[in-house]
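First to last, the sequence lines map onto chains A and B.
Count along the first sequence from 1, add 19, and you get the number used in this note's numbering.
Count along the second sequence from 1, add 24, and you get the number used in this note's numbering.
Keep in mind that the hints were calculated from the coordinates and are not lab data.
Model, not experiment: these values are computed from the prediction.
Misleading hints may appear alongside valid ones.
Partner residues aside, some chain A positions facing chain B, computed with beta carbon under 8 Å [as the list claims (entries may be wrong)]:
{"no.": "1", "residue": "Gly623"}
{"no.": "2", "residue": "Tyr624"}
{"no.": "3", "residue": "Val625"}
{"no.": "4", "residue": "Arg626"}
{"no.": "5", "residue": "Tyr628"}
{"no.": "6", "residue": "Ala629"}
{"no.": "7", "residue": "Val630"}
Listed next, the in silico SDA-like pairs over lysine to any residue satisfying Cα-Cα at most 20 Å (straight line) [claimed, not checked]:
{"no.": "8", "chain 1": "A", "residue 1": "Lys390", "chain 2": "A", "residue 2": "Gly548"}
{"no.": "9", "chain 1": "A", "residue 1": "Lys463", "chain 2": "A", "residue 2": "Asp381"}
{"no.": "10", "chain 1": "A", "residue 1": "Lys619", "chain 2": "B", "residue 2": "Asp117"}
{"no.": "11", "chain 1": "A", "residue 1": "Lys181", "chain 2": "A", "residue 2": "Phe213"}
{"no.": "12", "chain 1": "A", "residue 1": "Lys232", "chain 2": "A", "residue 2": "Phe213"}
{"no.": "13", "chain 1": "A", "residue 1": "Lys619", "chain 2": "B", "residue 2": "Ser119"}
{"no.": "14", "chain 1": "A", "residue 1": "Lys619", "chain 2": "B", "residue 2": "Leu46"}
{"no.": "15", "chain 1": "A", "residue 1": "Lys189", "chain 2": "A", "residue 2": "Thr585"}
{"no.": "16", "chain 1": "A", "residue 1": "Lys463", "chain 2": "A", "residue 2": "Ser524"}
In this text, a Cβ means the ideal position worked out from N, Cα and C, and glycines have one as well.
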Amino acid sequence: MENLIALLIGAPLLGAAVLLCGGRRLDRSGHWLGTLLAAASFVIALALFADMLGKSADDRAMFQRLYTWIPVEGFRADMAFQLDQLSMTFVLLITGVGTLIHIYSIGYMEHDERRRRFFGYLNLFVAAMLLLVLADNYLLLYFGWEGVGLASYLLIGFWQHKPTAATAAKKAFLVNRVGDMGLSIAIMIMFTTFGTFTFGPVLAETGQASEGKLTAIGLMLLLAACGKSAQVPLQSWLGDAMEGPTPVSALIHAATMVTAGVYLIVRSADIFNAAPDAQLVVTVVGAVTLLFGAIVGCAKDDIKKALAGSTMSQIGYMILAAGLGPIGYVFAIMHLVTHGFFKAGLFLGAGSVMHGMNDEVDMRRYGGLRKYMPVTFVTFGLGYLAIIGFPGLSGFFSKDKIIEAAFAKGGTEGWILGSVTLLGAAITAYYMTRVMLMTFFGEKRWQPDENGEPPHPHESPKSMTIPMVLLAVGSVAAGAYFEFAGFVEWLEPVTGFAHGHSPLSAAAVTTATVAVMVIGVGLAYLQYGRKPVPVVAPRGSLLTRAARRDLLQDDFNHAVFVTGGTHLTRSLVYVDHTLVDGVVNGTAAAVGGLSGRLRKLQNGYVRSYAVSMFGGTAVLIAATLLMRAV
Amino acid sequence: MNPVNYLYLAALLFTIGAVGVLIRRNAIVVFMCVELMLNACNLAFVTFSRMHGNLDGQIIAFFTMVVAAAEVVVGLAIIVSVFRARHSASVDDASLMKL
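Let the hints inform the model, and build the full structure from the sequences given.
If you want it as structure tokens, here you go:
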């Protein structure tokens with residue numbers, strides 16, 4: 020069975036190669052090929068999963084070594100894969116949700132003349148992400164990491180004829196580079212400390228490294244995770260990434276890309292366990308981001324951007340849980356998987372709404388759509404209930420566990436983190452209810468598009484609704500399934516697990532979670548359900564206006580990094596012009612001036628040459644005599 | 025007679041020749057001054073030969089005379105041809121080689 024691991028990556032990679040190199044003759048069949056290969060990968064994953072379930076818990080990891088990738092004396096990197104329970108969870112999520120998004124894209128991209136290329140990029144994205152989670156060493160992981168960055172760049176900027184899309188792609192790529200620097204530095208420190216970067220040896224020998232070094236590695240890994248997972252301070256690319264086609268947003272937010280950071284931290288659990296300072300920073304980043312994203316999500320009128328804020332916030336939950344150590348790793352992954360279901364469902368639903376509304380994204384111009392798009396309404400509604408943590412649905416189980424673990428951190432920290440997660444849950448309920456009410460309820464606020472044509476909302480084709488239905492089933496059932504099928508026991512051999520001792524009882528935490536959810540929903544209902552929603556956004560409070568601008572993140576980046584960088588380069592140019600050029604040009608001028616003077620000696624008069632000859636001879640003789648005298 | 029006096033004479037002749045080379049413009053005169061310097065050297069060689077009692081200096085004096093004779097032939101030919109071309113024997117006029 021081990022030999023099938025490479026095929027997991029191979030299938031979508033083949034799809035990407037064929038679709039991108041195949042040319043126009045594949046235009047009519049390419050999307051089927053891409054979808055088929057993604058589905059093939061999912062089927063292989065299911066087969067491997069079944070095989071894995073048949074083994075005992077400690078014997079489940081599988082390895083496959085293809086060849087030595089970089090053979091240099093003392094530096095060896097293998098093209099080798101490791102499939103354990105953690106990787107398996109990701110592989111199933113990536114290929115499963117990925118395949119559904121492929122199917123959805125067949126309908127969504129039907130009228131796009133570059134659909135074949137789109138499917139090629141989707142396949143590439145899936146292949147890169149699979150490489151990332153299947154690699155058995157950090158260097159190969161880095162390869163997949165960069166592949167994900169490349170694929171996201173290509174897909175976010177897929178509609179490159181729009182300047183905003185091209186800029187958004189560039190922004191995502193650049194911000195991700197900052198995080199990538201962190202990962203490469205972490206790998207370098209790892210190599211100098213452990214002499215290798217294969218997961219097994221590195222994670223087994225963390226005890227032999229000093230805590231300072233482990234903290235450095237941990238912080239660099241966190242920087243990398245911040246870039247890919249859109250955590251503060253590297254979160255600015257996520258909102259703009261909504262410029263890509265909606266299936267891309269679903270793929271980035273649910274199955275690939277943003278989950279990579281969480282994977283990296285959970286995979287490096289042993290390093291973080293031995294570096295409490297780094298862990299603390301991880302929880303702080305998670306807590307800040309979960310509030311940051313939630314606040315941004317409350318203010319956005321663009322349905323996709325509101326969902327993007329929500330993703331940021333939910334990933335914040337996962338990062339926070341991952342920072343809690345063994346009491347949180349399992350729940351971070353559990354929330355990641357359930358989030359994968361409901362967020363993919365929500366994005367596909369949003370795409371379906373846009374599809375029916377002439378690509379309108381402003382929620383203030385929706386309203387009353389539930390009668391016109393019943394399937395979208397129901398699936399989106401179930402995803403909505405799941406994300407706000409409605410009891411019994413998947414988000415409830417995973418988020419509740421994270422909140423409980425946050426309280427169990429203990430001491431003041433535990434109380435602060437717990438309160439933040441509870442507050443986040445309330446805001447989540449608020450902004451998701453807002454999205455729901457503005458889109459599907461209330462009176463119609465439809466506006467004609469730029470061609471003056473009023474929208475005719477209609478249900479999307481089967482190829483789009485079926486994936487949404489399947490994802491909705493996942494959103495409803497995944498949490499309960501994990502809860503009762505033993506997700507903790509499944510992941511425990513890889514990530515470790517410890518029961519936290521919460522100062523509050525589990526029942527109290529659950530009650531509080533449900534209570535804040537009800538408060539959030541109620542507030543949103545009072546504001547958006549009882550009162551009519553204005554078509555033009557009101558000016559809003561200071562906080563609202565700041566949140567609409569992503570809490571001034573872009574302004575901050577512009578002021579500090581763009582302006583600062585400009586000033587830095589200008590001053591460097593000034594130094595170059597004055598100092599460096601001054602020295603160079605000065606030397607040249609000095610030599611030139613001296614030569615001009617010396618040239619005068621060459622006056623062409625034989626007698627003057629004779630004088631210099633006599634003079635020179637006289638000096639030589641005088642010197643000789645002097646030396647002899649001494 | 026003290027041979028050192030010959031050395032004084034040689035130095036005097038050399039100096040006269042050198043000054044003549046430096047300050048005169050007529051090529052012929054400069055040429056004659058060069059000959060004067062050569063002969064001053066010859067005189068010094070012969071004197072040293074006499075003082076030290078070996079013949080090396082006298083032999084070198086013969087070499088010098090031969091070289092001087094050859095030099096006179098070539099040098100005069102050049103001066104004559106320059107004079108024919110430019111109607112001038114001034115060394116300052118022959119300054120075309122400068123930049």
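- Hints broken by the structure, by number, lowest first? 5, 11, 16
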